[in-house]
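Number of protein chains: 2
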Amino acid sequence: MMHEDSPTACLIIVGNEILSGRTQDGNLAWLAQRLGEIGIRMREARIVPDEADAIAEAVNETRRRYSYVFTTGGIGPTHDDITAASVAKALGLPFGRHPEAERRLRAYYPPEKLNEARLKMAETPEGAELIDNPVSVAPGFRVENVHVLPGVPKIMQAMVEGLLPRLRGGPPVLSRTVVVFCPEGEIAQPLAAIQARHPQVEIGSYPHMRFERFGTSLVFRGTDAAALDAAVAELLAVAQERGVATEALA
Amino acid sequence: MMHEDSPTACLIIVGNEILSGRTQDGNLAWLAQRLGEIGIRMREARIVPDEADAIAEAVNETRRRYSYVFTTGGIGPTHDDITAASVAKALGLPFGRHPEAERRLRAYYPPEKLNEARLKMAETPEGAELIDNPVSVAPGFRVENVHVLPGVPKIMQAMVEGLLPRLRGGPPVLSRTVVVFCPEGEIAQPLAAIQARHPQVEIGSYPHMRFERFGTSLVFRGTDAAALDAAVAELLAVAQERGVATEALA
Chain Y
78 MMHEDSPTAC
88 LIIVGNEILS
98 GRTQDGNLAW
108 LAQRLGEIGI
118 RMREARIVPD
128 EADAIAEAVN
138 ETRRRYSYVF
148 TTGGIGPTHD
158 DITAASVAKA
168 LGLPFGRHPE
178 AERRLRAYYP
188 PEKLNEARLK
198 MAETPEGAEL
208 IDNPVSVAPG
218 FRVENVHVLP
228 GVPKIMQAMV
238 EGLLPRLRGG
248 PPVLSRTVVV
258 FCPEGEIAQP
268 LAAIQARHPQ
278 VEIGSYPHMR
288 FERFGTSLVF
298 RGTDAAALDA
308 AVAELLAVAQ
318 ERGVATEALA
Chain R
78 MMHEDSPTAC
88 LIIVGNEILS
98 GRTQDGNLAW
108 LAQRLGEIGI
118 RMREARIVPD
128 EADAIAEAVN
138 ETRRRYSYVF
148 TTGGIGPTHD
158 DITAASVAKA
168 LGLPFGRHPE
178 AERRLRAYYP
188 PEKLNEARLK
198 MAETPEGAEL
208 IDNPVSVAPG
218 FRVENVHVLP
228 GVPKIMQAMV
238 EGLLPRLRGG
248 PPVLSRTVVV
258 FCPEGEIAQP
268 LAAIQARHPQ
278 VEIGSYPHMR
288 FERFGTSLVF
298 RGTDAAALDA
308 AVAELLAVAQ
318 ERGVATEALA
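Heads up: the sequence lines are chains Y and R, in that order. Per this note's numbering, the first sequence starts with residue 78, numbered consecutively. Per this note's numbering, the second sequence starts with residue 78, numbered consecutively.
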């Protein structure tokens with residue numbers, strides 16, 4: 078609904094450990110916020126198992142739909158690390174050792190430690206551009222609009238920081254949050270009217286109860302600061318008229 | 078790869094707040110584990126925005142692929158709660174008030190509190206079967222193999238507990254975890270051989286570093302306890318041969 082011309086993103090999270098519930102994903106929230114700051118909107122995320130067909134299908138179903146596709150996970154040295162090969166499969170590209178990636182691994186590991194499994198981390202689809210890894214050397218890569226990143230949050234974040242200047246951003250997504258101290262069902266009707274008057278603002282309503290007190294966080298998001306302020310002002314007026322306490326957050 | 082005949086599930090998480098990074102999903106891990114206990118494997122999850130087309134498309138792309146589809150989020154009283162209407166749209170079903178759901182809301186809210194916004198929570202696709210909400214009354218529903226649940230974890234969990242006896246399970250998914258105290262790149266080759274010898278066991282490798290010590294958690298999952306034990310025994314033998322310390326977890 079808001080800023081239709083902003084670049085968009087989709088994250089494909091690869092990993093049986095996320096789907097089994099063993100591990101909680103720690104990358105979506107960080108990446109969505111960081112991309113939002115430069116005006117790229119996260120529009121979808123998918124979590125898929127460590128299976129070549131599932132990964133390739135997710136890549137192919139999303140790469141034409143969004144400006145950028147990111148994958149996290151599945152690029153280590155073990156048998157279940159098949160993301161890079163699956164991306165090559167999705168794009169119909171040959172897959173093999175990237176000379177510069179191999180050079181970096183050889184410079185980092187002592188010869189007796191650089192086994193075949195670790196050299197697997199130098200494999201990319203043909204024509205891939207490396208994404209530097211300042212933490213543990215083994216690089217990610219970009220091919221077309223698909224960006225292949227590791228699953229370990231600290232390493233993923235460091236790599237994305239280096240990658241961001243290469244991405245085309247848009248107007249930054251701004252956000253205002255107001256808490257109204259009533260259940261959301263009591264403010265829903267005037268809120269729908271405010272939303273209808275401000276289609277360029279995305280208004281989200283998130284109920285909560287803390288210390289036995291009902292509250293609703295209303296989040297106003299969009300790229301037009303004046304429109305956000307106008308929508309927030311209307312909400313505050315409604316709350317005041319009804320005698321409902323409010324609190325504006327950052 | 079393992080137990081091909083087990084029932085499968087996909088979770089569709091509806092919510093701009095998850096995609097913007099404002100909120101961390103708290104439902105996938107719990108639901109995946111709970112379903113895994115009764116032998117239903119979570120095979121995919123998607124996170125989509127509060128938009129009718131995006132929700133309907135995700136439902137239609139997944140409902141024929143998996144035994145069960147679950148949605149969480151977007152079934153409250155506010156303008157951004159459009160999951161129920163979007164599921165009706167996906168299935169091409171008329172959408173309107175479910176008499177029993179309306180009866181429950183009328184029994185729960187005092188008349189002056191039951192406004193049009195709250196009555197929206199009684200709307201379902203035609204022919205939907207209600208899923209009881211023992212916490213806050215407003216029900217979820219099932220239509221065909223799609224199960225529509227709320228996003229608040231405490232309420233979602235209570236509703237799923239009531240729903241589970243109605244689902245067809247399979248052989249429970251068993252799991253063994255062994256930590257080997259070396260980087261995963263040093264155990265990757267024998268591990269791949271063990272995986273190749275035990276295709277019915279799914280072996281995941283998850284590296285970590287704690288207190289400056291490299292470790293790798295190896296997770297063996299499958300429905301055949303004897304096959305799990307055999308694969309674990311082979312790993313322990315490899316570790317012992319190489320003088321690598323191990324620790325078996327529950």
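Some hints could be false.
Covered by chain Y, according to a simulated footprint, are these stretches of chain R (three or more residues, beta-carbon under 8 Å) [to be verified]:
1) 99-109
2) 125-138
3) 299-310
Computed footprint of chain Y on chain R; a stretch qualifies when at least three of its residues, placed anywhere within it, have a C-beta under 8 Å from a C-beta of chain Y [said to hold, decoys possible]:
4) 150-157
5) 186-196
6) 265-272
No lab work stands behind these hints, which were simulated from the structure alone. Even glycine gets a Cβ: it sits at the ideal position worked out from N, Cα and C.
Okay, the hints, checked on the actual structure:
1. 99-109: holds (count 9)
2. 125-138: With 6 residues close enough to chain Y, the hint holds.
3. 299-310: Our answer is that it is violated, as 0 residues pass the Cβ test (under 8 Å) against chain Y, missing three.
4. 150-157: Three-residue rule met by the region 150-157 of chain R, so holds; n is 5.
5. 186-196: It holds: at least three residues are needed, and the region 186-196 of chain R offers 5 whose Cβ sits within less than 8 Å of chain Y.
6. 265-272: holds (count 5)
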